[in-house]
Amino acid sequence: MNITFPRMGNSYNAFAHFINRLGHKAVVPPPLSDRTLSLGVKHAPEFACIPFKIILGSYLEAIEQGADIIITSGGSGPCRAGFYGILHERILRSLGYDIEVVVFDSIYQRPKDFFAKANRFRRAAGVSWPRFFYLIWEAWEMVKALDELERLSLDVRPREKSVGATTRALDQAYEIMAQAETNVDIQAARDKGLALLRGVPLQNKEYLLKIGIVGEIYVLIEPFANLNIQEMLGNLGVFCDRAIYLSGWTKENTVADHDAALRRTASPYVNQMIGGHGLENVAYAIRYQQQGFDGVVHLAPFACIPEIVVKSVFPRVTHELDFPVLDVFLDELTGKAGLQTRLEAFVDMLAFKRGKYQLGGVYT
Amino acid sequence: MRVGIPQTLTYFEFYPLYCTFFRELGFEVVTSGETTKPVMDQGILYTVTDSCIPIKLMHGHVAELAKTCDAIFVPRFVRITGEEFETFCPKFLGLPDMLNASIPKLPLLISPKVDLYRWPRLGLLKLAQAVGDQLGKKGLGVYRALVKALRVQTEFRRLVSQGLLPPEAIAVVNKYWQEGDSLVSPVEAEMVRPEAKIRGVEAHPITLGVVGFPYTLYDNFINSSLLNKLCSLGVKTYTPEMVSPAKLAEQAKGLPKPMFWYFSNRVYRAARYLLVNKKIDGLIHVTAFGCGPDAMADKLIELEAKQHGFPFMSLCIDEHTGEAGLNTRLEAFVDMLQLRKGEQSEHNLSAHGQFV
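Residue numbers (this note's numbering), protein chains in the order written: chain P, 73 to 436; chain F, -19 to 336.
These aren't lab readings, by the way, just hints derived from the structure by calculation.
Just to be clear, a hint being listed does not mean it is correct.
The calculated lysine-lysine pairs, modelled on DSSO-like cross-linking and capped at a C-alpha distance of 30 Å, are [stated by the list, open to error]:
(1) Lys209(F) <-> Lys93(F)
(2) Lys258(F) <-> Lys189(P)
(3) Lys408(P) <-> Lys114(P)
(4) Lys106(F) <-> Lys93(F)
(5) Lys216(P) <-> Lys264(P)
(6) Lys114(P) <-> Lys17(F)
(7) Lys277(P) <-> Lys425(P)
(8) Lys184(P) <-> Lys233(F)
(9) Lys114(P) <-> Lys233(F)
(10) Lys277(P) <-> Lys184(P)
(11) Lys184(P) <-> Lys282(P)
(12) Lys237(F) <-> Lys97(P)
(13) Lys184(P) <-> Lys237(F)
(14) Lys286(F) <-> Lys114(P)
(15) Lys189(P) <-> Lys233(F)
(16) Lys97(P) <-> Lys114(P)
(17) Lys237(F) <-> Lys17(F)
(18) Lys259(F) <-> Lys216(F)
(19) Lys233(F) <-> Lys259(F)
Here are some, though not all, of the chain F residues that point toward chain P, as calculated from beta-carbon distances under 7 Å [said to hold, decoys possible]:
(20) Val28
(21) Pro236
(22) Phe240
(23) Met276
(24) Asp298
Since the structure is predicted, the reported quantities are computational estimates derived from the model, not experimental observations.
Yeah, the Cβ is synthetic: ideal placement off N, Cα and C, and Gly gets one too.
Looking at chain F on its own, in the form it has when it is part of the complex (with noise of 0.2 Å):
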């Protein structure tokens, strides 16, 4: 049996835990691939037209993988932190029903509902034993298979934490899956690629925190490439994955309560924890088109980044896919941050919404 895993919202936070599991019970895992121009098309097709782009991208994923696979698994995320109002945006909840109705012919819908708030442990093994009934294993070997898949899921935030870029890291998994070798050995010889090399050196010119969901930042296609194109501009970037979770729920005190969706408050505290410790020249948000919680903490990021005094640019991406554009506004982007930062004892170009 194959299961397929669409390769874009949580895919860029939990794929290792998935393919693990999925493998050590014996199932053969696909993945719908990088986004490619037919699968958003598909994804077009099939949604509603105000639905936001990322979700227009997850139909085009799992239309693709509807082709090919047995079941598909999207798991229905409610709530996986300890915040009893910190769960998933409302698309995220009711996308097993949206797809349902959207999709004809799909194939078995694995979707269990993750809701972690009160029993972490426990609501893991059951999601894991609700995951098993419906593929037809039981006993200990489910059990099994989330242990192992959790080891597997920790040594990926440690690659992750250590600076490699989401998709690197579960490159790095993936090896491990085809070549069997060891998680660890790899992870040092994976930390001096040259990608991972550029950003670890101190000599740029210009560091920007570039804030927004895993699934805007790491999926190059629907982004034009804009963490490679940054770093061909020789600028270094910081991601939210960047800043550890500690650091991060520090940052909860910038508002008097949290924001209600889980990648959201992310991408705030990530932004506000890079302003406050003056880490970077300027800040870059990305947002979606149509994304609903993105209006609510684009504002708040900019008022945060007016407060500071930091430049901030607010970059929505949508279906388009032309690249002039976005250039443009990433050349002059940092050729003013050059420009402010060459002049620093003097220079006349004012922050964002300042005038001099």
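Isolated chain P, as found in the complex (with noise of 0.2 Å):
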């Protein structure tokens, strides 16, 4: 079987290594450019939200490149990300290609259907339950590695002494990690990717500021949809923290009744489960607040139904709290002067606000 999936962020080294060592071939979805978008958008509902878009047009270059089954993620909603598989299937079909899309939907609501699914990959592979779960266990490890460095990223890049250098380290570290087989090598390239990326040479200076990065969990995760922000802002001299990550870091990191934490601290300003990571993104920001961050930006894409309730109490947060919000919606457009913009104008607004800024552009 020559299997492909959605490709998000690092993420895809991971999903990559499972596949190939069940022995089927993994068809790693080419890195997402203008035309994977223009192929999403041409076929995509309109107003379908940019991931679904994007997630069409890397489908179809999956296709190309001889992908015959796709592997998904479900849901039970209310966020439309839950039923992509399905009307990704249908309209991949309508446009004559014999795909299947095989939908995961979580273990606990449907085991029978996710052990029924997995089984049948298991089998096609010839491989046994332990050997199955043990290279599901392996590859989760990956994802927690690959996630390992790009938290640390986050932390080298506004204190590097030359542009570009933490990007180039990590670039490193994730190809020597796409080389690793066994989890004795997973480990081995997490230590030498850590070590590549600690090794980069930095200015003797402090964050320019702190900012924490809220939102949907696509446009969170995959630079392209997000215009690399990250890099943006790291660049500009500050130190970045991501609410969500693949290998739930904050959730393993944080108290134990996670879940309801969220949902107490958020409980003022949105009191209900709506789907996504709407409730999350709340308590998250609302969080970075009581840490002493600077502000936080929230993105998410257009017509993103949960993120646009978020964005509509945010004012409300950034009232009662004194605390600023900078909302970005992405859509089709890939180009960064805009945010680039407007990243910098917030940027010098904080500092200006922390008096680490003055007029005239001097930061101090």
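Please dock the two separately framed chains into a single complex, following the hints provided.
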């Protein structure tokens, strides 16, 4: 089976690793480009959110490279992402591609369905269940290692001596990771990558500001969708902390009753699970305020339903907590200058608020 | 005390219930009236730009009511069916929060959480209790009001199932409240009203399925009187409210798993029912600008129409108030259908998405 999957951030390394180790052939969707987006926009509904369009375009490119089956995740709503798989399949079929989309819904909600689908791939590959679970665990280790690398890069980039050094080191680290075979290799690649990033020459300075990034998971994680906002902020000398990682770093490293705590934090502003990461994002923003961050950038795809609710309540959060939030709604435009200007202005204002900036453009 | 009920979103589905309940509790009930340009402009003022048009209208209606009312009833709709994952759109779920954050000087917002998935009857009782508590009403009176409200609601549903459009059925209910008539007798009288009669007549050249949310189909301002226009073009229309719930439920098999949104499921299933049973000559899907669930439902319905070989038009309604564009599209669509139908034997006009 030639299997492909949605491309999101650096996670494709781990998915490809899992599929290849299982004995199938992973067709990694080509790096996302303007062509991907154009293909997606052409065939997707006009008001579908941007991740839907990007993923559709990326499926089409993967099909060109020989993929014949697509694996993706499902969901139970009310965010539209839970319905992507079904609609993607119908659209691809209406375009004449004989392709199957296998949607994995939550293992807790539909365990039977989940295992039936998993079994299909396991049997075709001829591996035992223990081996299958071992490989899942191994891929998960890789997801965690990749996220660890990315997190360190956010810390290093604002202090780097020459612009771009961190990004180069990170790319190199990903390449090393892609070569890894076993779990031992993964851990070694992780250590090597971390050492590479730590070896980036630094200027002896502190971060200018600390900004939290919250928002819809896909545009948060995929640099192509968010115009590489992490790098833009890093180059401005800003340390940014991202609220959501695929490995759920935030979840594992905070209090035990994580979900309940988030609900409590958000309840004065949003008192109901609204799907996606809507409620969580309000809570993350409040948490960043409590941790002494200077501001929050809120990323969302154009017409994203839960994030529009979040965007509507953020002005109240800003007023009541005196905490600046910049809403960035991402659409099919790929020009970076607009976002760059907005970020620079936002950073200037935050620095001004902190007394770190004087008129005339001098940072102190 | 005066309780305001916005005349949009769930108004077209549950107004008789709301109205009766609050009246029985001894409150004065007012609605925000039909949508007008100032109402829409206010809504646009209070919402974020990328919000969908129905939510903008809702904000406008609530702002309108805020001027005159002591309390506004905006329930937080979560689940009202037995489907675990059939909730409402996230914007319905977060509606009270959005209103609270956006509109200054709001009066008391009565926004109980409506989640009737597990225990529908008990849930209703608790809901009535919660609303009663918030308004300082206690005891049996609340339950009595609920029972009466449910009875009027059932009566309203019956009127709708007989072919009255929801606004017409609501008019009957209002008349009942004003003149103290019984709810049953005016029904038959209403049935022979001219508009209702036109829809009942068989000899229409064209029959169209017009599917969409109740708050887009029956709000004559926002859709520029779409249904009346079709009526004057001699078109007989079927809307999702005219398909019985049992028939709708049957159509759930069209999807491997249902969509997550109550109204969208109904729209999709109604469309599928009309297509499968070939009751129509063509299908119009009325979508709202910026509506998330519609983006998915519209494509599904389009593919469904294509598969069944029916002409399909997607009509997106937005903040524009010019009617010429809409008129032209409707007339052209109806003309094409007539041509297509007139030369059924050897017609050369293709259905949606096919080349001749």
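Need the list of violated hint numbers for this structure, in ascending order.
Failing hints, ascending: 1, 2, 6, 10, 11, 17, 24.
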